[in-house]
Structures are given as structure tokens and as C-alpha cells.
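Taking the hints into account, I'd like the entire structure generated from these sequences.
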Amino acid sequence: MGDMLALAVGNLLSPIILFFVLGFAAAFARSDLSIPEAVAKGLSLYLLFAIGFKGGASVADHGIDATLLFSLGAGVILSFAMPLIAFALLRAMSGLSVMDAAAVAGHYGSISIVTFVAASSVLQSAGLQAEGYMVAVAAVMEAPAILSALWIIARFGNSSAQMESGLIREILLNGSIVLLVGSFLIGWITGQDGLDMIAPFIVAPFQGVLCLFLLDMGLVAGRGLREARSVLRPGVFLFGILMPPIGASLGLGFGLLLGLSPGGVVLLMTLAASASYIAVPAAMRVALPEANPSIYLTLSLGVTFPFNLTLGIPLYLAVVRALTGA
Amino acid sequence: MQTHQAKRVEITIEAVMENRLAKALLEAGVTGFTVLPVLSGSGRSGHWSREGQVTRAGGMVSVICIIRPERLDALLDAAFSVVDRHIGVVSIVDCEVLRAERF
Numbered sequence: 001m002g003d004m005l006a007l008a009v010g011n012l013l014s015p016i017i018l019f020f021v022l023g024f025a026a027a028f029a030r031s032d033l034s035i036p037e038a039v040a041k042g043l044s045l046y047l048l049f050a051i052g053f054k055g056g057a058s059v060a061d062h063g064i065d066a067t068l069l070f071s072l073g074a075g076v077i078l079s080f081a082m083p084l085i086a087f088a089l090l091r092a093m094s095g096l097s098v099m100d101a102a103a104v105a106g107h108y109g110s111i112s113i114v115t116f117v118a119a120s121s122v123l124q125s126a127g128l129q130a131e132g133y134m135v136a137v138a139a140v141m142e143a144p145a146i147l148s149a150l151w152i153i154a155r156f157g158n159s160s161a162q163m164e165s166g167l168i169r170e171i172l173l174n175g176s177i178v179l180l181v182g183s184f185l186i187g188w189i190t191g192q193d194g195l196d197m198i199a200p201f202i203v204a205p206f207q208g209v210l211c212l213f214l215l216d217m218g219l220v221a222g223r224g225l226r227e228a229r230s231v232l233r234p235g236v237f238l239f240g241i242l243m244p245p246i247g248a249s250l251g252l253g254f255g256l257l258l259g260l261s262p263g264g265v266v267l268l269m270t271l272a273a274s275a276s277y278i279a280v281p282a283a284m285r286v287a288l289p290e291a292n293p294s295i296y297l298t299l300s301l302g303v304t305f306p307f308n309l310t311l312g313i314p315l316y317l318a319v320v321r322a323l324t325g326a
Numbered sequence: 327m328q329t330h331q332a333k334r335v336e337i338t339i340e341a342v343m344e345n346r347l348a349k350a351l352l353e354a355g356v357t358g359f360t361v362l363p364v365l366s367g368s369g370r371s372g373h374w375s376r377e378g379q380v381t382r383a384g385g386m387v388s389v390i391c392i393i394r395p396e397r398l399d400a401l402l403d404a405a406f407s408v409v410d411r412h413i414g415v416v417s418i419v420d421c422e423v424l425r426a427e428r429f
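Heads up: the sequence lines are chains A and B, in that order.
The working numbering puts the first residue of the first sequence at 1, with every later residue one more than the last.
The working numbering puts the first residue of the second sequence at 327, with every later residue one more than the last.
There's no promise every hint is true.
Unchecked claim - Part of the chain A face toward chain B, derived, beta carbon under 10 angstroms:
1. D193
2. R223
3. P281
4. R285
5. E290
Claimed, not checked - From chain B, some residues computed to sit far from chain A (all C-beta separations above 10 angstroms):
6. V342
7. A350
8. T360
9. V361
10. L402
11. D403
12. A404
13. F406
14. I413
15. V416
To be verified - Incomplete in silico selection of chain A near chain B, CB under 7 angstroms:
16. A282
17. V286
18. P289
Since the hints were derived computationally from the structure, they do not count as laboratory data.
All of these numbers come straight from a predicted model, not from anything done at the bench.
Think of the CB as a built atom: it goes at the ideal place given N, C-alpha and C, for glycine as much as any other residue.
Shown next as C-alpha cells:
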């Protein structure tokens with residue numbers, strides 16, 4: 001217990017978390033601090049590029065095995081299944097309409113790549129290695145949840161969701177996925193030599209860029225939460241911090257079943273615990289425009305994201321350490 | 327200077343719908359339009375700002391078309407088929423243009 005507490009405090013006092021907290025506090029204090037839109041976009045591209053490339057290089061270094069395919073399968077199953085759990089939970093504890101609950105549920109089957117990056121950074125600080133292909137698992141978990149949300153509406157709702165032919169294509173080919181998977185493949189092809197070549201750009205500055213990006217995320221999350229407090233009824237808010245440990249538990253089960261490394265299990269837990277705030281909101285605005293975006297954006301970005309960043313990731317790491325002795 | 331009557335249609339819509347609207351306009355025979363980013367605003371959902379959005383799901387764009395009056399109905403039908411279920415504002419004003427053949 002003492003170790004868990006020390007780890008949690010250590011994580012809370014890491015620069016990436018403190019910069020996130022700074023942004024969050026600045027937004028609440030109505031400071032005019034802001035990261036220009038183009039810079040934020042650039043930072044996000046950098047992080048996707050770096051994390052994808054390093055994952056690919058790691059796979060080239062360690063090789064692939066059957067666990068890769070099973071891990072991808074586990075990611076897809078989790079992404080399909082979690083919206084169903086989230087929907088049932090939301091309907092039971094929040095009183096949200098079917099439309100809003102389905103839209104929120106879709107977010108909780110998909111993933112937050114920034115949470116994944118933060119977890120990778122925490123693992124690195126803790127001296128734990130993870131399978132490089134977890135980046136690919138993250139990529140395959142983006143879209144299935146959206147299909148689950150639309151199925152929920154078709155099954156339980158009285159409004160028709162519009163599943164356009166172009167929507168799935170847009171989700172699968174959104175810029176983040178293309179860059180992440182593309183960098184992963186290039187890292188895989190070029191291996192350690194490729195990584196050595198660009199290491200001064202993607203290894204050394206990584207933590208600093210992540211700090212700046214999380215400062216921006218803190219600002220965004222704080223502003224969102226400040227402006228949408230009225231939509232966060234207690235049941236809805238509680239869901240936002242209850243669902244991540246539920247997802248993480250499922251990730252833990254799959255990770256142990258597949259025989260992933262302790263670091264890999266933590267990353268799968270983090271992916272299953274996180275909620276999307278980029279791909280799914282865009283898809284929901286197209287497919288379910290009647291759903292209230294304030295609810296799902298505030299929950300995923302203003303509640304679940306900070307929870308995972310500050311308490312969730314250290315908790316998942318501590319649980320894995322306790323179970324595996326890593 | 328000789329001027330000609332035209333209609334100026336401004337459609338403010340969510341950024342995620344921009345491509346769909348553009349496609350519908352082109353299919354309706356609208357050959358030209360201008361898309362402008364919207365910085366911030368306020369409506370029934372309260373105040374919102376482009377600043378600090380992590381996703382284009384939260385942004386809005388303004389699509390401006392200037393057309394001959396006889397093309398207005400086709401344009402509105404096309405636009406409405408896209409914006410019907412979505413947040414958005416469609417406004418139409420009379421205007422004058424110098425080169426009618428371009429519209």
C-alpha cells in the first residue's frame with residue numbers, strides 16, 4: 001500500500017502531470033494562456049509520429065509472435081464490447097436519454113492516444129518495457145466502438161442514426177490513425193538503424209513536447225469542464241470516473257490471458273480505460289447530431305482524461321506490479 | 327457600372343459537415359463557394375470558441391455562395407438535405423454582382 005501511494009505521488013509530481021494541472025488551473029482561473037491552434041496540432045503530430053515510430057522500431061527489434069494477432073483481436077473485442085457495458089451503466093445510474101447514453105458509450109469503447117502516450121512515458125520512468133505493437137492495438141481500437149454506439153441506437157433508440165458510407169472511411173483514415181500506423185510501419189521497416197538516425201528528434205525532446213502538449217490539454221479540459229458543468233449531473237460525473245477502472249479491469253483480464261509483459265498489460269488497461277475525444281466526437285456529430293456534445297466531450301476530456309492521467313495510470317501500474325511482481 | 331441581381335447564401339455549419347455540404351452544393355450545380363473558418367460564437371448551446379478545440383467536431387465553418395436567383399431553390403434543397411439534422415444557420419440576402427456570367 002505504501003509503495004502504491006509513493007508511486008501515485010511520484011506520478012502526480014512528474015512534469016507531464018504538473019503541466020497538465022497548470023493548464024487545468026489556468027483555464028479555471030480564466031487566464032488568457034493559450035497554445036496557438038497550429039502549434040497544438042504540430043505537437044500532436046509530433047507525438048503520434050514519435051510514439052508510432054518507436055513502437056515500430058521496438059517490434060523490429062524484438063520480432064513479432066502470435067500474441068500480436070491475439071492482442072489486436074483483444075483490442076477489437078474490447079472496443080466493440082465496452083460501449084455496451086457503458087450504455088447499460090449510464091442508463092442505470094445517470095438517467096441520460098438513449099441517444100445521449102449511446103453517444104457517450106461510443107466514446108468509452110474507443111481510446112485516447114494521449115493517455116496512451118502518457119502511460120508509455122510513465123512506464124519508461126518506472127523502467128518497464130512494453131510490446132511495441134501496442135501502438136497498433138491502440139489504432140484498431142478507434143473505430144469498432146462507433147459501430148457499437150450506432151447499433152445501440154438502432155436497437156434501443158427511436159431515432160435513426162445515419163450510418164453513411166463515407167463515415168467509416170473517414171474514421172479509419174483520419175489523420176491521427178494514418179500518421180500513427182504509418183510511423184509504426186516505417187519504424188518497423190527501418191528498425192533500430194532508422195531509430196538511431198532520428199533519435200535526436202524523436203527521443204530526446206519527447207518528454208518536453210509531451211509537457212507542452214499536456215499543458216494545452218489541461219487548458220482544453222479545464223475550459224470544457226468550466227463551461228459545461230451544468231450538464232454534469234452527479235450520476236454522469238460518477239460514470240466518468242467509474243468506467244475507466246471497469247475498462248481497465250477488462251484490459252487486465254485480456255492482458256494476463258494473452259501473456260503480455262507487465263508493461264503491455266498496463267498499456268492495454270490504459271487503452272481500455274481511456275475515452276476518445278478526437279475521432280468519436282467527430283463521428284458522433286455526423287451520425288448522431290441530436291446527441292448533446294457537451295455531455296460526451298466534457299465527460300471524456302474533462303473527467304475521464306484527468307482521472308486516468310493523475311490517478312488511473314498509477315493505479316493500473318500498481319495493480320500489475322502487485323499481480324506480476326514486476 | 328452595370329450590375330446584376332444575385333443571391334448571397336451564407337451557411338454556417340459544423341466543420342465536420344463541410345465536405346458533405348460542399349459535395350451536395352457541387353451536385354446541385356453550384357460552381358463556386360467560399361469557406362471561412364468561424365472563430366467563436368454563441369447560440370442556444372451557449373458560447374463556444376474555436377480556440378482550444380482538440381477536435382474539429384467542435385468547430386464551425388461558414389460557407390458563402392453567390393448565385394443567380396433562379397438557382398436558389400436547387401441550392402437550398404441541396405443545403406437543407408445536409409444541414410437538416412445539424413446545428414447551423416442558413417441566411418439569404420439579395421446582392422449585386424458585376425459579372426453575371428460567373429454565377
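We went through each hint and held it up to the structure:
With a cut of 10 angstroms, the hint placing A:D193 at the interface with chain B is violated, because the nearest CB-to-CB distance is about 35 angstroms. Interface hint at A:R223: satisfied, since its Cβ lies 5 angstroms from the closest Cβ of chain B, which is below the 10 angstroms cut-off. Interface hint at A:P281: satisfied, since its Cβ lies 4 angstroms from the closest Cβ of chain B, which is below the 10 angstroms cut-off. Checking A:R285 against chain B by beta carbon gives a least distance of about 5 angstroms; that is within 10 angstroms, so the hint holds.
Proximity of A:E290 to chain B holds as hinted, the smallest CB-CB distance being about 7 angstroms (cut-off 10 angstroms). Distance check for B:V342 against chain A: the nearest CB is about 5 angstroms away, which does not clear 10 angstroms, and the non-interface claim fails. Look at B:A350: its CB is around 12 angstroms from the nearest CB on chain A, clear of 10 angstroms, so calling it non-interface holds up. With a least CB separation of 20 angstroms from chain A, B:T360 remains clear of the 10 angstroms interface cut-off, as annotated.
B:V361, annotated as away from the interface, keeps every beta carbon of chain A farther than 10 angstroms; the closest lies near 17 angstroms. Every CB of chain A lies more than 10 angstroms from the CB of B:L402, the least distance being 19 angstroms, so the non-interface label holds. Against the 10 angstroms criterion, B:D403 stays outside the reach of chain A, whose nearest CB is about 18 angstroms from its own CB. Every CB of chain A lies more than 10 angstroms from the CB of B:A404, the least distance being 16 angstroms, so the non-interface label holds.
Annotated as non-interface, B:F406 keeps its C-beta farther than 10 angstroms from every C-beta of chain A; the closest such distance is 14 angstroms. The claim that B:I413 lies off the interface is violated: its Cβ sits roughly 7 angstroms from the closest Cβ of chain A, which falls inside the 10 angstroms cut-off. Under the 10 angstroms C-beta cut-off, the non-interface status given to B:V416 relative to chain A holds; the minimum distance is some 15 angstroms. This hint holds: A:A282 has a C-beta 4 angstroms from the nearest C-beta of chain B, less than the 7 angstroms allowed.
At about 5 angstroms, the closest approach between the beta carbon of A:V286 and any beta carbon in chain B falls short of 7 angstroms, and the interface hint on this residue holds. The criterion of a C-beta within 7 angstroms of any C-beta in chain B is met by A:P289, whose closest approach is roughly 5 angstroms, and the hint holds.
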